[in-house]
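Peer 1: Protein chains in written order, with our numbering: chain A, 1 to 76; chain B, 1 to 76; chain C, 1 to 76; chain D, 1 to 76; chain E, 1 to 76; chain F, 1 to 76.
These are computed hints drawn from the structure, not numbers from a lab. Take these hints with a grain of salt, some might be off.
Where chains are identical, the list cannot tell them apart; a pair therefore holds if satisfied intra-copy or between any two copies.
What the hints assert, rightly or not - Simulated crosslink set (BS3-like; lysine-lysine; CA at most 30 angstroms straight-line):
1. K30 with K41
2. K10 with K30
3. K10 with K41
None of these values were measured; they are calculated from a predicted model.
Number of protein chains: 6
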Amino acid sequence: MAGNWLPSLKTANPQEGFELAAKLARLGVKLTQPSEEIRDKLRTAYDHDSAQLIASSQVIALHFQTVAAANNYWRD
Amino acid sequence: MAGNWLPSLKTANPQEGFELAAKLARLGVKLTQPSEEIRDKLRTAYDHDSAQLIASSQVIALHFQTVAAANNYWRD
Amino acid sequence: MAGNWLPSLKTANPQEGFELAAKLARLGVKLTQPSEEIRDKLRTAYDHDSAQLIASSQVIALHFQTVAAANNYWRD
Amino acid sequence: MAGNWLPSLKTANPQEGFELAAKLARLGVKLTQPSEEIRDKLRTAYDHDSAQLIASSQVIALHFQTVAAANNYWRD
Amino acid sequence: MAGNWLPSLKTANPQEGFELAAKLARLGVKLTQPSEEIRDKLRTAYDHDSAQLIASSQVIALHFQTVAAANNYWRD
Amino acid sequence: MAGNWLPSLKTANPQEGFELAAKLARLGVKLTQPSEEIRDKLRTAYDHDSAQLIASSQVIALHFQTVAAANNYWRD
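Isolated chain A (complex conformation) (with noise of 0.2 angstroms):
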C-alpha cells in the first residue's frame, strides 16, 4: 500500500485509541486482501455473520492491547 498510512501509535485518549485499533484491523485485511472490489464483495457477508463480528471484535481488542500500552495507558 503506498502512501503514510501509519504515521503514530499515539493517540489523545482511548476513544480514538479505540478507533486506531479498529483501523490498524482493517489494515490487516488489506495486507492480506489488496483487491477492494474483493474485499467490499466479502464485507455483506461477513458483517451479517455474528461469528464472524465476534472474531473482528477479537483483532481490535488485541491492536487496542498495543495502542493502549504505546500510550502508556492515556495515565500520563
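Given the coordinates of chain A, assemble chains B, C, D, E and F onto it according to the supplied hints.
Peer 2: Then chains B, C, D, E and F, alone, in the frame of chain A:
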C-alpha cells in the same frame, strides 16, 4: 460513532473493570457492524450458540487484560 | 449482574488464581447470556464437544495471564 | 477438584515450564468438564483431529507465556 | 528456509513495523508449508474467505504486538 | 517425551528465535498427540488446509512473543 463513548480506562475496582471489558467487546462489534437493527437480529442467534458465547468471553478476556494493566491490577 | 462478584484479583496461591481465572471465563459468558436457563441448556451441549472445551480452556488461559500478573506470579 | 494440584509456577528450566503449561491446558479442560469418563471419550476424537491439536497447542502457548514470565524466562 | 530472512525486529516507524508483522505472519505459514506451489493454490481460496482473512489479520495483530514492543512503541 | 528437548529460550538472533517458536508450536502438538504415525497422517491433511496453516502461524506468533521477550528482543 458520535459522542464520547470511552473517556477513560480507569475503574474503581476489578468488577467495574470487567464490565468495561465487556463494553469494549461490544464496541468492537459495533464499530464493524454499525446497524443496531442487524446487530439485534444477530444477537438472537449468537447468544444461543455456546461456541459464540465462548468466543465472546474470549474477547472480554483480552480487553480485561488491557483494563487490568491500565489500572495496575487495582493494587494501588 | 447484581452484587459484588469480583472484589479482588488477589489470591493466596496459583491454584486459587487458576480457579479465579475459570470463574472469570464463566462470568464472560454470563454477561453475554444472562439467562441461567439458556446457559444450562447450552452447557449440556458444549461440555461434550472437545473443540468447545479447548476454547473454554483458552479463555481460562487468557484470564490466568491476568490473574498471575496481578499477583506478581506469587513470587513475593 | 480436591487436593493441591498447582503449588507453584516455578520450574527448574524451560522444558519443565513447557510441561507445566501443557498441564495447565489440561486443567482448564478438567475444570470445565470434570467427568474423566467423558473426557476420555472425547480424547479419542480430538487427538485425531489436526485442527483441535493446533488449538490445544495454542492453549499451551498461552500458558507457556505465563509460566515463562513467572520464571523470568529462566534468565536468572 | 535458507538465507537471512529475519535480521532484526527494529523498524524506522510503526508502518514498517506493521509490514514486518505481516511478513512474520506469512513466514509462519511458510515454515509449516514450505511448498510455494501449494501455498499459491491455497492463497486463491483463503483470500476470498472473509473468516480466513480475519484470522490472518489476527496473526498480524499478534506479531505487531511483538514488533511494537521490540521498538519500544517508536516512542524514543 | 524423553531427552532434553528445550534447554534454553536464548537464541543468537530473531531468525533463530522464530525457528524456536515454530519448534515450540510443534512440541505443543507432540505433547498432546505423542504418536508420530498419527501426526504424520494428520500432517498431510492440515498442511493443505489454509485455515489450519493460519492457525499454526498463530501458535508460532504466540511463542515468538515469548521467545522475543526472553531475548529482550535481541536489543542487547
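Peer 1: Would you mind marking each hint as holding or not holding in the structure?
Peer 2: Now for the hints, and whether the structure bears them out:
Taking CA atoms no more than 30 angstroms apart as the test, K30 paired with K41 passes in both settings, with 13 angstroms inside one copy and 20 angstroms between copies. In this homomeric assembly, K10 and K30 come within 30 angstroms of each other (Cα to Cα) both inside a single copy, at 22 angstroms, and across copies, at 23 angstroms. Proximity of K10 and K41 under a CA criterion of 30 angstroms is satisfied in neither setting, with 32 angstroms inside one chain copy and 36 angstroms between copies.
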